[in-house]
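This is what each chain is made of:
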Amino acid sequence: MHELSIATAVIDEVTKHVAGAGGGRVIAVTLRIGRLATVEEGSLRFGFAIASAGTDLAGARLEIIDVPVRIWCPQCLAERALPSLQRFACPECGQPSGDIRAGRELDLESIEWEPFAPQSPHPESPRPELHTPRAFS
Amino acid sequence: MSQPRILEVRTKILKANDETARAMRRRFVEAGVLVVNVVSSPGSGKTALLEETLTRLKARGVAVAAIVGDLETDNDARRLARSGAPVRQIETHGLCHLEAAMVEERLAGWDLAAIDILFVENVGNLVCPTSWDLGEDLRVALVSVTEGEDKPLKYPGLFNTSDLAVITKLDLAAAVEFDRATALANIDRVRPGMAVLEVATKTGAGIDTWIDTLLAKLDALRSGR
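Top to bottom, those sequences are chains A and B. Under our numbering, residues 1 to 137 are what the first sequence spells out, in order. Under our numbering, residues 1 to 225 are what the second sequence spells out, in order.
Because the hints were derived from the structure by calculation, they are not lab data. The reader is advised that the hints may include incorrect statements.
Claimed, not checked - 25 angstroms max Cα-Cα, derived BS3-like pairs, lysine-lysine: (1) B:K15 / A:K16; (2) B:K202 / B:K12; (3) B:K58 / B:K202; (4) B:K12 / A:K16.
With these hints in hand, go ahead and build the complete structure from the sequences.
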């Protein structure tokens with residue numbers, strides 16, 4: 001299941017970018033995945049959920065833009081979307097073509113994140129007790 | 001609460017791997033090493049073909065070396081080492097593919113300038129290795145006659161990232177009623193115009209053409225073509 005490796009790479013890249021912007025919690029990550037990239041979406045989501053636990057990406061939404069394969073048809077002089085990966089030929093005229101113009105994507109598109117809440121002067125001090133004993137009772 | 005922010009990144013997910021692979025490719029080109037990444041399913045004859053290839057190339061005075069990826073065991077590395085070529089093993093311990101950094105690590109201590117052709121035998125798998133560039137010049141997809149004629153239709157991703165398809169175990173074709181015309185047509189369907197070689201390591205059929213193809217690639221690399 002190489003999707004776990006891909007999920008880990010996503011997390012590493014996102015962490016780098018968010019840290020570079022000041023650091024924060026990641027809300028959503030958008031990927032563009034081509035149909036020829038041999039990634040199984042369910043496995044990727046599963047891998048992402050596991051690998052992001054305990055990181056700033058934990059619980060982040062994974063949005064996946066599915067990119068169909070497009071070839072250049074030298075006969076029609078046009079780009080065509082392939083209806084099937086089992087036949088690399090123009091769906092209009094039947095001309096075979098291996099000139100792939102889209103569908104190999106394995107891209108990190110965008111990151112939605114929010115900076116961590118401003119820290120109190122003593123970030124390590126315990127939160128105030130909800131039920132502090134009152135002075136007068 | 002602060003407002004959510006959007007970072008438009010538009011980068012490759014495997015950017016870190018791609019960068020390592022690019023740096024290695026530069027080193028290989030500078031040292032004049034042809035790197036061949038061999039991908040196939042388990043049991044398709046990768047190791048047998050490579051053992052024969054290393055032996056033959058060595059006999060012709062070509063300096064060869066190999067890095068072998070496997071989930072566990074160094075059996076394949078020991079088989080390849082019988083050729084007398086330097087061989088190193090990568091045990092991935094469950095990982096279904098090789099990544100550029102693993103290969104880079106195994107290069108340590110090797111004088112690349114003394115190597116003509118370096119073979120990287122990937123982990124047996126037709127899906128996972130496709131996305132990881134290892135800095136190779138030539139990616140070869142091996143498919144044996146025993147696997148059936150429709151492998152290309154099931155794994156168009158592999159055939160579309162490979163430069164050359166090699167059909168192996170041709171000597172078993174009759175026994176498994178291999179339909180050669182259909183197999184070739186299927187490769188052409190998913191990768192029109194793809195170069196295909198057919199070999200039988202056991203009998204030696206097609207091996208000379210395979211060796212000549214490698215040597216032609218080595219020449220091309222060194223003359224900058």
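Hints versus structure:
1. A hinted pair counts as satisfied when its Cα atoms are at most 25 angstroms apart, and K15 (chain B) with K16 (chain A) qualifies at roughly 12 angstroms.
2. For the given pair, K202 (chain B) sits about 42 angstroms from K12 (chain B) by alpha-carbon distance, which is inconsistent with the 25 angstroms threshold.
3. Straight-line distance between C-alpha atoms of K58 (chain B) and K202 (chain B) comes to about 18 angstroms, which keeps the hinted pair within the 25 angstroms bound.
4. Proposed proximity of K12 (chain B) and K16 (chain A) is supported: the alpha carbons are some 13 angstroms apart, at most 25 angstroms.
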